[in-house]
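*Asks:* Mapping of the sequence shown onto numbering that gives the first Met the number 0: residues 0 to 287, in sequence order.
It should be emphasised that the hints constitute simulated quantities derived from the structure, not laboratory data. Heads up, a few of these hints could be off.
[Said to hold, decoys possible] List time: in silico SDA-like cross-link candidates among lysine to any residue, alpha-carbon distance up to 25 Å:
1) K273 x R230
2) K235 x F155
3) K60 x A237
4) K273 x A257
5) K235 x Q154
6) K158 x A237
7) K235 x E148
8) K273 x R251
9) K153 x A222
10) K259 x N271
11) K273 x I225
12) K54 x Q128
13) K259 x T223
14) K153 x Q247
15) K153 x Q165
16) K273 x S260
17) K54 x E11
18) K153 x E248
19) K273 x R29
20) K273 x T161
21) K13 x R42
22) K54 x E32
23) K85 x E111
24) K85 x L97
25) K60 x R147
26) K54 x V20
[Said to hold, decoys possible] Cβ pair distances, simulated, as ranges:
27) R66 x T161: 45 to 51 Å
28) Y30 x A90: 52 to 58 Å
29) Q34 x N254: 34 to 40 Å
30) V26 x E111: 42 to 48 Å
31) A172 x K235: 35 to 41 Å
Virtual Cβ for every residue (Gly too), placed ideally from N, Cα, C.
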Amino acid sequence: MTRSMTAYARRETKQAWGSLVWELRSVNHRYLEPQLRLPEAFRETEPALREIIRKHLSRGKVECFLRYDLVVNQESELSINEPLAKNIAKACRQIERLFPNVTPVAPLSVLEWPGVLQQQEIDLTSIHQTALAEFEQAVVSLNETRSREGLELKQFILKRLTQIEQEVSSVRAMMPALIKIQREKIVQRLEEAKVEIDSNRLEQELVLMAQKADVDEEMDRLATHITEVRRVLDVKEAVGRRLDFLMQELNREANTLASKSINADTTQCAVNLKVFIEQMREQVQNIE
Numbered sequence: 000m001t002r003s004m005t006a007y008a009r010r011e012t013k014q015a016w017g018s019l020v021w022e023l024r025s026v027n028h029r030y031l032e033p034q035l036r037l038p039e040a041f042r043e044t045e046p047a048l049r050e051i052i053r054k055h056l057s058r059g060k061v062e063c064f065l066r067y068d069l070v071v072n073q074e075s076e077l078s079i080n081e082p083l084a085k086n087i088a089k090a091c092r093q094i095e096r097l098f099p100n101v102t103p104v105a106p107l108s109v110l111e112w113p114g115v116l117q118q119q120e121i122d123l124t125s126i127h128q129t130a131l132a133e134f135e136q137a138v139v140s141l142n143e144t145r146s147r148e149g150l151e152l153k154q155f156i157l158k159r160l161t162q163i164e165q166e167v168s169s170v171r172a173m174m175p176a177l178i179k180i181q182r183e184k185i186v187q188r189l190e191e192a193k194v195e196i197d198s199n200r201l202e203q204e205l206v207l208m209a210q211k212a213d214v215d216e217e218m219d220r221l222a223t224h225i226t227e228v229r230r231v232l233d234v235k236e237a238v239g240r241r242l243d244f245l246m247q248e249l250n251r252e253a254n255t256l257a258s259k260s261i262n263a264d265t266t267q268c269a270v271n272l273k274v275f276i277e278q279m280r281e282q283v284q285n286i287e
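Take these sequences, add in the hints, and give me the full structure.
*Replies:* As structure tokens, then:
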């Protein structure tokens, strides 16, 4: 299946304890490279998050951002961390003995010390479960977007394959006439130069010229590669690497065709082939 590696997805949920927002962005990459940006309270979910990514995606650089907003319940009971508060009070008395003229520390200032004032413990287990479920839905949504864009890339490649086939057909159609013209030109030049040459030797040279100009093998291989690209586009797994290899093979045959060109028309066909192949190659780089 042709899936693009470029996509975006967002997933938000609101619960009694607050809200979670996932944002996922993916771009093309040679391998699967997830990057997770998580609040500290969610660090322990990272292995499970990576497993979800591996379950749904094969390639691409995937950036995942989690925003977590906790609703403060004004009716919840507050408690004081007495051991910490006693230690702070003891430290304050020691400071007062060293600096007798210092204004005593107010109790409200002690309450502002991190960890002194505590709210009821939040059950992070259920929140983590919600975060994982929402994350998987976000990845599924991301994959759906990648599939839609991949379908467009597939249509683009199929269109270029048709154009390549048209160029190959043009070369096939013109080759017999071109070889005949080349043969006549060689004979004419020899006659104009009044060069005497053995008929057998002349025939050998003409056969050699025809062999050098013969591109049937290259065009056959181009047709074979085109058939294989079409087949790979319908495979139900990640196909980006295979398509990239086939683009290299198509380009190799186009280069050989260009090197064997014997007139401006075949040269132009070879140039057109290279343009179409390069256009496909650029798009293939973004296919998973």
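*Asks:* Hint by hint, where does the structure go against what was stated? Just the numbers, ascending.
*Replies:* none
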